[in-house]
Every structure is written in C-alpha cells, then in structure tokens.
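Undergrad: Sequential numbering from 0 applies to the sequence shown in numbering that gives the first Met the number 0.
Errors might be hidden in some of the hints.
In silico lysine to any residue, SDA-like type, Cα no more than 20 Å apart, as pairs [to be verified]:
(1) K174 with R149
(2) K303 with I291
(3) K263 with D230
(4) K290 with H280
Here are the simulated distance ranges between beta carbons [stated by the list, open to error]:
(5) S199 with C79: 41 to 49 Å
(6) Q116 with S78: 31 to 39 Å
(7) S78 with E210: 52 to 60 Å
(8) K92 with E139: 29 to 37 Å
(9) S168 with C79: 49 to 57 Å
(10) Y10 with L67: 14 to 22 Å
(11) H259 with S78: 37 to 45 Å
(12) S180 with S218: 23 to 31 Å
(13) M306 with I286: 45 to 53 Å
(14) A260 with Q62: 45 to 53 Å
(15) L82 with L267: 42 to 50 Å
I should point out that these hints are in silico values taken from the structure, not numbers from a laboratory. By construction, the Cβ of each residue, glycine as well, lies at the ideal position given by its N, Cα and C atoms.
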Amino acid sequence: MQLTEATATAYSIRQLSPYRGTVQILSSAYARAVSADGVQWQIQVSCEVKQQQWGIMNSPKVQRRYVLYGMWNQQRDLSCLPLDPMLDVPDDKLIETSLLIPLRDRVKAIPFPATDQYELWLLHGRTHLPIALIASATSEHTLDQIRASRWRASSSRQQQFQPMRALCSSDPILKIESLISEHGSSPLTAQWFYREADRSGLGLGGTQVAETLTGRKLSAEAFPELLIAEDWPDDNDRLLAEDYHHWLSAQLLLLPHLRHATRKRLELAAQQHALTVSQLHHLYPAIADQKILNRILVEARLRKSSMT
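With these hints in hand, go ahead and build the complete structure from the sequences.
TA: Structure representation (structure tokens):
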C-alpha cells in the first residue's frame, strides 16, 4: 500500500493532572511521531502483540500497541533503536513514506492544531460549576476509558512550587490541592464537556453526574480559563491560585485559547522562567507582547552563557 503525506494527521494534546504542557503528534496508519518540545521526536510504530487469555489455551488475544522505533530531529534525522525481532514492525520504507517524509515537512508548521476539545472538569460541590481541569480527549468514543481522579497540581519531576504572594505555612502543592478538594463534591463529581469554538461547553456524562446536569450548556465565562478557578472568596486562596498559574506560566503559554490580557499576564510571569521559555517559545500559538518575550530570550542566552 503506497501512502502519501495526506494520510498523516498532525495535532496536539495537553498533558493534564498534573499539567506538563502539550504534546505534538503526527500520526499515520502504521506509526506516529511524538514530541513535547517540537525538536526531539519519538518515532513509535504500531505492532501486533499476542497475549494469552486467562483460562483459554491456544487462543491468544491479539492487541496492537506502540513501541519505540527511534528518535528523530531535523539535524540528525532518524536514529533507530534495537527492537525485538519477534515484533511485526512495519517495513522501513513504509515508515519513511507514511511518517518521516510528512514529518520533515510539517515540523515547520508547529504548533499543530489542538484537537482535545473534550474536557473533564471537577465540579464545585455547591454550584456544580467547573473548578479544576482533570483530563482531555480528542474523541467522544474514548471518554469511558478515562477515569476521573483527584486533581493533581504537580509531578515529582517538576520543580518545587513556591508562592510569590500567597501566605502558606505548609507545603504549597498540598495546600492548593486541598483548596480544590475542599470545594469539590463529595463523592468526587467530574463532568465531561465538549468545548465549542467560542469556548462554551456542552455537558456530557462523567462520574457521579446528576441527570439534570447532562445536556446543559455553559458559557465560556463559566469555565476557568487556565487549569483551576482563581475567583475564590478568600484573598489568600485567590493569590495562591494565581501564583500557581504564574509558576507554570512558561508551559501555560502553549495553550491556544488564551485571552490577550491573560497571555500578557503569563508572559510577565514567565520572566522568572527564562530557560523554559527559550525551550518552548517556538510552540507558542500567539505572543501578546514581543518586547517581553525578547527580554526573556536575552535573559535565557545570558544564563546559558554563564553556565559554560
């Protein structure tokens, strides 16, 4: 089967709960390229794996999964990795035709379009409005495969969060997770929404979602613009939520649907994270103030030169 570039689909999705930025993906029928920074790409190939079903002899269940085939970047092109010879890896020419050729061309067009329009939100225990984004998906058919869990603010690989303005006598990550948990429903109530182009949301199913909430339409203003709600009654809670978003500002600038004022606010906060901005700025879908970004990139170059 001869494939053309048109058969490869380019899109991006968010890494959520905890938020770790976006992932760029170029996918074909036989392989996909995945990158968190748009520079280094994992080339993964789709293979059939036979798994013996419990209690059934001589009738293995065939499943497909992705395995790491190699690494790719524009400077060094493809670097292959050793693979299990028993795997039914697609032919090298097929991978070249279906994935690598379109990747070399489409990498110039990053960031790829965001396609995870389905969003799973933790709901407020009293108002039943969204307060924290737990997960996202690209298709309604996959929603049942994603289980709702408590919202997580950070992973072990992220640097420690230190609020700039909010007062916090305990671990700030535990504090902000407690803030969300205390205002959420008990038991946990999380609802899927399909976000329209105008950022309004159509309520779908979820976890512990009342039938009266299914099918409701919420305006864009009913959703937190970033990861969690910031409009808390307590001033210190509000500052803590804002400080949390400022801590993640370099990664949050990857989001495509930010208001101009929000993007500029994050760009100002991102001056504290110059090295991260220098790694990701080519993936930002928009820039609110080019002068701010230029200052950040100059600062990043100075820091890098001082390290050598």
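Undergrad: Is 45 to 53 Å respected by the C-beta to C-beta distance linking M306 and I286?
TA: 26 Å, violated
Undergrad: Could you check the hint for me, namely that S168 and C79 are 49 to 57 Å apart, CB to CB?
TA: Distance hint for S168, C79 holds at roughly 52 Å.
Undergrad: Just tell me: holds or violated, for the beta carbon distance of A260 and Q62 against 45 to 53 Å?
TA: 47 Å, holds
Undergrad: Can the suggested window of 23 to 31 Å be confirmed for the beta-carbon pair S180 and S218?
TA: 26 Å, holds
Undergrad: Given the hinted pair K303 and I291, is their Cα-Cα distance within 20 Å?
TA: 19 Å, holds
Undergrad: Is the distance from the Cβ of K92 to the Cβ of E139 consistent with 29 to 37 Å?
TA: At roughly 36 Å between Cβ atoms, E139 and K92 fall inside 29 to 37 Å, so the hint holds.
Undergrad: How does the Cβ-Cβ distance of S199 and C79 compare with 41 to 49 Å: does it lie in that range?
TA: 46 Å, holds
Undergrad: Would the hint linking K290 and H280 be met if the CA-CA limit is 20 Å?
TA: Holds: K290 and H280 sit about 13 Å apart, inside 20 Å.
Undergrad: Regarding S78 and E210, is the given constraint of 52 to 60 Å on their beta-carbon distance met?
TA: Because 53 Å falls inside the window, the suggested range holds.
Undergrad: Note whether the CB distance of Y10 and L67 lies within 14 to 22 Å or breaks it.
TA: 20 Å, holds
Undergrad: For the pair supplied as a hint, K174 and R149, is the alpha-carbon distance within the 20 Å limit?
TA: 14 Å, holds
Undergrad: The hint says 37 to 45 Å between H259 and S78; measuring C-beta to C-beta, is that right?
TA: 41 Å, holds
When held up to the earlier numbered hints, the structure conflicts with hint 13 and nothing else.
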